[in-house]
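Quick note, the sequences are listed as chains A and B, same order. Residue numbering for the first sequence follows my numbering, beginning at 1 and increasing consecutively. Residue numbering for the second sequence follows my numbering, beginning at 1 and increasing consecutively.
Treat the hints loosely; a few may be bogus.
To be verified - When the alpha-carbon atoms are kept at most 25 Å apart in a straight line, the in silico DSS-like pairs for lysine-lysine are as follows: (1) A:Lys523 x B:Lys70; (2) A:Lys142 x B:Lys142; (3) A:Lys533 x B:Lys160; (4) B:Lys142 x A:Lys515; (5) A:Lys535 x B:Lys70; (6) A:Lys533 x B:Lys142; (7) A:Lys196 x A:Lys327; (8) B:Lys85 x A:Lys535; (9) B:Lys142 x A:Lys523; (10) A:Lys533 x B:Lys70; (11) A:Lys533 x B:Lys85; (12) B:Lys127 x B:Lys41.
Bear in mind the hints are in silico, worked out from the structure with no lab data behind them.
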Amino acid sequence: MKTHFLNYAAGLSLIFLMASCGNQGSETSQVLGGSAAEQAYVAPGEYDEFYAFMSGGYSGQITAYGLPSGRLLKEIPVFSKYPENGYGYSEETKAMFNTSYGEVPWDDSHHIELSQTNGEFDGRWLFVNGNNTPRIARVDLKTFETVEILEIPDVAGLHCAPFITENSEYLVSGTRFSVPIPQKDVPIDTYKQNFKGLINYVSVDPEHGHMELAFQIEMPGFNYDLARNGKGKSHGWSFLTTYNSEQEHSLLEVNASQKDKDLMAVINWKKAEQYMKEGKFTERETSYFHNLMNEETTIAESEEKTLTKILDPKNCPDMVYFIPVPKSPHGCDVDPTGEYIVGNGKLSADMSVYSFDKIMKAIEEKKFDGEFDGIPIISYEAALDGIVKKPGLGPLHTEFDGKGNAYTTFFISSEVVKWDVESKEILDRQSTFYSPGHLVIPGGETRKPDGKYLVAMNKITKDRYLPTGPELAHSAQLFDISGDKMKLILDFPTKGEPHYAQAIAADKIQPNSVKFYDIENNKHPHATLGESKTKVVRDGNEVHVYMTAIRSHLAPDNIEGFKVGDKVYFHLTNLEQDWDVPHGFAIQGATNAELLVMPGQTRTLVWEPKKVGVFAFYCTDFCSALHQEMSGYARVSPKGSDVPLKWGLNEKLRENEQAAHDFYENAKQNANIGK
Amino acid sequence: MKTIKILSTVLVGMLFIYACGSKEQSSSTAEKQTTEKQEKKVPETIKMGKGVGEFTEVEVSDPLNEEWTKRGEAIYDMKCSACHKLTDQRVVGPGFQGVTNRRKPEWIMNMITNVDVMLAEDPTAQKLLEECMTRMPNQNIKPDDARKILEFFRNNDMTKAGKKDEAIKS
Ligand SMILES: [Cu+2]
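Assemble the whole structure, with the sequences as input and the hints as a guide.
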């Protein structure tokens with residue numbers, strides 16, 4: 001087998017080499033056109049055409065890749081602390097992790113949603129859900145930094161989130177696990193009586209992107225799995241797949257797969273908005289946190305919220321419907337025209353495609369097959385546009401290319417299948433390696449997809465990469481979909497377990513990218529705007545070091561007068577005003593992390609010296625030829641000793657001595673007065 | 001079988017790029033460099049000691065503009081003082097004392113606002129890099145502010161060296 005492969009490869013490559021190295025003009029380019037590697041190749045110094053943002057799953061983060069090269073551009077920390085730059089450890093970012101459960105330094109991130117205007121990506125923000133401790137985060141695409149995290153109360157496993165409407169009006173987010181609302185101590189086998197599901201509508205401020213929990217809709221205790229919002233003619237509606245309409249609570253793989261069909265929720269959110277205005281909601285006391293980065297100080301601030309507004313479908317007619325959907329559905333996707341809604345049943349051989357017009361007509365003509373908890377169930381036959389017959393095994397997710405084609409991943413049969421949205425005819429199928437979950441086409445969720453590439457995100461990678469012990473990096477596979485047949489052109493590894501991804505044309509982000517923070521606008525209360533303003537201030541056992549960094553020294557670089565038991569705040573301001581020149585700060589024995597401070601920014605690290613001695617600190621980012629020299633010493637004396645506070649850089653240490661003595665004496669006197 | 005086919009296609013592509021692509025590219029780059037070298041002329045402004053950048057004619061006058069001097073000092077404090085002292089002592093970069101006696105106003109302002117090009121093209125700037133071994137950072141100073149920093153330097157030279165603007169006379 002191996003020999004065969006080698007011969008085959010060698011033979012072929014010879015032909016390729018002859019063809020391409022010879023002076024054969026147009027023939028050469030034809031051969032090149034056939035080379036898969038060439039299609040994904042972005043020459044050094046050239047840029048990719050698209051940014052692809054992938055959720056990190058259990059890493060809790062987001063990674064940005066370039067397409068078609070598959071280059072990793074950046075890992076953006078969101079829900080997990082990140083020692084690489086001090087996110088979640090620095091004083092400025094700690095508040096991002098506040099929740100009603102206290103500090104939660106980890107989550108499971110699933111679905112990437114880019115902000116939209118008129119049904120197209122606008123390149124402003126990126127949203128992602130935290131599945132485990134229900135939260136939604138917002139990343140600013142000017143800086144690629146997480147700037148806001150909103151907790152969602154009274155839900156569990158916020159998997160069905162945060163799906164965006166076509167003008168970013170709302171992020172629709174449903175609970176995956178129904179739970180008692182409000183939480184209470186009840187036997188689990190009272191599921192049917194006590195457990196409820198909430199579908200949450202989080203509004204997005206059109207100017208600043210700030211999120212707010214606008215309202216929650218209280219639904220039967222199912223598992224709400226995935227959602228999409230209408231577009232074009234179906235704008236104003238949300239579609240959510242659910243499973244476990246059996247309302248079971250144990251051995252779900254059997255007990256929640258009893259019925260031949262589950263239910264898809266169809267919500268008229270414009271109607272819900274109207275009911276909110278009419279005051280048809282009830283208020284409930286609860287607790288959830290809203291964490292927001294202040295743009296001027298770049299310090300995160302947390303606010304606990306204690307009230308939520310709830311709509312009950314029983315009091316709000318024509319707001320919520322169900323439609324039967326094939327067994328155990330997962331994906332629920334709306335095509336670019338807004339007319340077709342694809343409901344994929346994981347355990348069904350066929351895929352159901354619904355028509356928005358038919359749904360509207362069925363509602364108008366009241367073609368209902370009963371109801372569930374007062375919510376009308378629209379007749380399956382009346383809403384159905386057609387069935388894609390036996391496309392593969394285990395359909396999960398569907399994206400669109402804007403040319404009338406849909407592409408669906410099949411988890412069990414490991415393939416991507418291309419089919420015609422109108423005719424439901426299967427056009428092509430390509431193997432993936434192995435077990436794809438989500439897939440992404442740039443703009444594939446919007447009104448205007450850019451149907452050039454498709455990325456399948458595979459759950460299993462064996463046989464594709466060199467072994468790295470029992471676990472392998474998850475594989476993403478890039479297909480060229482510009483022709484009639486899909487063509488696999490690249491394998492590339494991903495971080496964590498990417499669930500969904502979205503990809504956007506680079507030119508919607510690239511021109512707005514911030515290159516450094518303007519130091520003249522740095523409003524951080526502990527900023528040091530110039531080396532002459534560096535100082536060390538003691539306040540009881542708290543010591544504040546106002547330090548600056550520039551290629552290639554830290555100021556001050558010698559500090560004496562720290563004592564065991566002190567709590568030392570290093571406020572480091574990076575004075576650089578140049579692109580891509582962060583400075584780092586690390587000190588021996590720090591029990592938290594290092595800092596990476598962007599040009600013009602201030603970041604604070606707390607250090608609690610525990611041992612007597614002289615400890616080195618240094619810049620961790622190789623910033624110049626004299627980077628190794630970018631270091632200093634902190635002298636720590638025993639608790640209660642009277643070593644005066646002194647600091648300096650070069651000749652300044654001596655100059656400051658008297659001032660330091662005076663300050664210290666004053667402080668001592670003040671402390672004595674206080675006693 | 002399917003896996004193998006795809007793998008080999010990728011491999012072949014890589015071989016091809018390695019075998020022809022890289023070689024061609026490197027030779028054409030080399031060629032470009034030589035032609036560039038032959039054609040390259042030293043700009044007039046560099047020969048005149050004005051460096052290279054958007055400033056070709058800068059007017060200086062007396063008395064000093066006090067407001068500009070103050071603004072210049074504030075920027076110096078925030079963005080420059082970490083590396084340059086106001087005396088003749090070199091720290092990371094050269095001391096500023098006497099800078100207007102050594103360098104023309106245009107050179108000073110071009111160095112402040114166009115440092116990457118200056119370090120690439122201006123022999124005087126290159127010599128300073130060899131001495132200091134740290135590239136002067138681009139501190140994103142606006143053209144208007146560069147003029148104010150110049151005013152601050154002129155003031156500093158009067159205070160420290162007793163004369164200013166000598167470089168204009170040479
Ligand atoms: Cu550094």
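These are the hints, each one checked on the structure:
1. A:Lys523 x B:Lys70: Given that 25 Å is the threshold and the Cα spacing comes to 21 Å, the pair holds.
2. A:Lys142 x B:Lys142: holds (22 Å)
3. A:Lys533 x B:Lys160: holds (23 Å)
4. B:Lys142 x A:Lys515: The hint holds at about 16 Å.
5. A:Lys535 x B:Lys70: With Cα atoms ~23 Å apart, A:Lys535 and B:Lys70 stay inside 25 Å; holds.
6. A:Lys533 x B:Lys142: Measuring from Cα to Cα gives roughly 23 Å; hence the hint holds.
7. A:Lys196 x A:Lys327: Holds, because 21 Å separates the two Cα atoms, which is no more than 25 Å.
8. B:Lys85 x A:Lys535: Answer holds: B:Lys85 to A:Lys535 is near 18 Å, not above 25 Å.
9. B:Lys142 x A:Lys523: Roughly 20 Å separates the two Cα atoms, so the pair holds.
10. A:Lys533 x B:Lys70: holds (17 Å)
11. A:Lys533 x B:Lys85: Given that 25 Å is the threshold and the Cα spacing comes to 15 Å, the pair holds.
12. B:Lys127 x B:Lys41: holds (19 Å)
Hint check: no violations occur; every hint is consistent with the structure.
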